[in-house]
Amino acid sequence: NAGVTQTPKFRILKIGQSMTLQCAQDMNHNYMYWYRQDPGMGLKLIYYSVGAGITDKGEVPNGYNVSRSTTEDFPLRLELAAPSQTSVYFCASSPGGAGYGYTFGSGTRLTVV
Amino acid sequence: AQTVTQSQPEMSVQEAETVTLSCTYDTSESDYYLFWYKQPPSRQMILVIRQEAYKQQNATENRFSVNFQKAAKSFSLKISDSQLGDAAMYFCAYRRRGGADGLTFGKGTHLIIQP
Numbered sequence: 082n083a084g085v086t087q088t089p090k091f092r093i094l095k096i097g098q099s100m101t102l103q104c105a106q107d108m109n110h111n112y113m114y115w116y117r118q119d120p121g122m123g124l125k126l127i128y129y130s131v132g133a134g135i136t137d138k139g140e141v142p143n144g145y146n147v148s149r150s151t152t153e154d155f156p157l158r159l160e161l162a163a164p165s166q167t168s169v170y171f172c173a174s175s176p177g178g179a180g181y182g183y184t185f186g187s188g189t190r191l192t193v194v
Numbered sequence: 012a013q014t015v016t017q018s019q020p021e022m023s024v025q026e027a028e029t030v031t032l033s034c035t036y037d038t039s040e041s042d043y044y045l046f047w048y049k050q051p052p053s054r055q056m057i058l059v060i061r062q063e064a065y066k067q068q069n070a071t072e073n074r075f076s077v078n079f080q081k082a083a084k085s086f087s088l089k090i091s092d093s094q095l096g097d098a099a100m101y102f103c104a105y106r107r108r109g110g111a112d113g114l115t116f117g118k119g120t121h122l123i124i125q126p
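Note that the protein sequences, when read in sequence, are chains R and C. So the mapping is simple: the numbering used here equals the position in the first sequence, first residue as 1, plus 81. So the mapping is simple: the numbering used here equals the position in the second sequence, first residue as 1, plus 11.
Chain C extracted, bound-state conformation (with noise of 0.2 Å):
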């Protein structure tokens, strides 16, 4: 089975700066997605960002970028001029090609903005 892991419970970044959030993998499948989702106080879970596996080029969404190590099995999302509306959970998730049984997500990340 499939499980990924988000070391970081929780990480605080001043804002306009940059911050990294981490995200390992556990897969033996070669072909499948990650994503990032962001789940604000009101509690809708939103898409971020998703990165196909069989494509080296690292996805960008605006401020949003990841880091995709394919080898080990690293994922990790770069939030650059970060902003008080940035203030989340963030999850990590996979989902193996021809899955229809869903994403498996990680345990999240609280990120707190400083003013």
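For reference, chain R alone in the conformation it holds in the complex (with noise of 0.2 Å):
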């Protein structure tokens, strides 16, 4: 029963580098999301897909990019990492649409230089 897996679990990056982190869920969620959690600023979401094919911007999708072409997979790319990108990432899955919670990944600690 893995739920939501991340990979890495942390990551340093140079300015200018670029990665992807990726996430997987087996529990045959349609619904994904990236966020990424600033100290003292909770957490804002990045991008979401509501199934296979669609993908939308959250609240600060600048500077990422993600893609979903099955149900289980939503990586998020990082393009020119900057300072500014220095975060924790969760990937997170519902079933559906508001009255569900999300399972949450563990987190992927990103740290730019």
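Quick caveat, the hints were computed from the structure, so don't treat them as lab data. A few of these clues could be false.
Now the in silico label distances, taken between C-beta atoms and shown as ranges [what the hints assert, rightly or not]:
no., chain 1, residue 1, chain 2, residue 2, range
1, R, 160, C, 82, 44 to 50 Å
2, C, 109, R, 151, 21 to 27 Å
3, R, 135, C, 95, 41 to 47 Å
4, R, 83, C, 29, 33 to 39 Å
5, R, 151, C, 18, 37 to 43 Å
6, C, 25, R, 160, 45 to 51 Å
7, C, 78, R, 176, 27 to 33 Å
8, R, 163, C, 66, 40 to 46 Å
9, C, 66, R, 176, 17 to 23 Å
10, R, 86, C, 68, 33 to 39 Å
11, R, 84, C, 38, 27 to 33 Å
12, R, 160, C, 42, 34 to 40 Å
13, C, 85, R, 99, 42 to 48 Å
27 Å max Cα-Cα, derived BS3-like pairs, lysine-lysine [unchecked claim]:
no., chain 1, residue 1, chain 2, residue 2
14, R, 125, R, 138
15, C, 118, R, 138
16, R, 125, C, 89
Small disclaimer: the values here were computed from a predicted structure and weren't measured. The C-beta atom is built at its ideal place from N, Cα and C for all residues, glycine as well.
The two chains are supplied separately, each in an independent frame; assemble them into the complex guided by the hints.
As structure tokens, then:
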């Protein structure tokens, strides 16, 4: 019963580098989300998806890209990393819309230096 | 846009006592859901309790209960018989019915349990 799996758990990037944060869920959830958590700021939505092939921007999408080719996977791509992208990133999924709580992954701590 | 406000950055309570965490929200919607999430030092986000706005009855999950005041747009979390394992960040979150665009979170309250 893996739930939502995020990799890697930690990563240090240099300014200008790119990377992909992986997220996979095995619960057949249609909805998937990417959030970032900055100290003292709560969680802010980056991108979300309501099903394979469908993605949409959240509150803070600049500097990120996503794709959703399968129900299970929802990778987040960082292009040209900047210090402002230093954060903890959470992936989450839910079986449907508003009434459902999320299942969260364990997060990825990213530092851009 | 919806906003969620947690006015207590930090709260402290003695073990076995009761503590209430505050949350207010702003929305023009009439039908929505409210949640409390717990984030212990492990960083894992855990759903504590959920409230449906169209239900008058306050939700309860074991030692955790809410006081939902729809007119006041208030959604507080009461933890009874506090335990050391309750020490964590607690986040209040809002989601409108029919909204696919995710939860809106407050900034969190850090709960300290004094032994």
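Here is how each hint holds up against the structure:
1. R:160 with C:82: 44 to 50 Å: holds, 46 Å
2. C:109 with R:151: 21 to 27 Å: holds, 25 Å
3. R:135 with C:95: 41 to 47 Å: Given range 41 to 47 Å: holds, Cβ gap about 43 Å.
4. R:83 with C:29: 33 to 39 Å: With Cβ atoms ~36 Å apart, the hint holds.
5. R:151 with C:18: 37 to 43 Å: holds, 42 Å
6. C:25 with R:160: 45 to 51 Å: Since the Cβ atoms of residue 25 of chain C and residue 160 of chain R sit about 49 Å apart, the hinted range of 45 to 51 Å holds.
7. C:78 with R:176: 27 to 33 Å: Check passed, 28 Å falls within 27 to 33 Å.
8. R:163 with C:66: 40 to 46 Å: holds, 44 Å
9. C:66 with R:176: 17 to 23 Å: Because 20 Å falls inside the window, the suggested range holds.
10. R:86 with C:68: 33 to 39 Å: Since residue 86 of chain R and residue 68 of chain C have Cβ atoms about 36 Å apart, the given range 33 to 39 Å holds.
11. R:84 with C:38: 27 to 33 Å: Distance hint for residue 84 of chain R, residue 38 of chain C holds at roughly 30 Å.
12. R:160 with C:42: 34 to 40 Å: This hint holds: roughly 38 Å between Cβ atoms.
13. C:85 with R:99: 42 to 48 Å: With Cβ atoms ~44 Å apart, the hint holds.
14. R:125 with R:138: holds, 11 Å
15. C:118 with R:138: holds, 21 Å
16. R:125 with C:89: At roughly 25 Å apart (the allowed maximum being 27 Å), residue 89 of chain C and residue 125 of chain R satisfy the hint.
Consistency note: the structure conflicts with none of the earlier hints.
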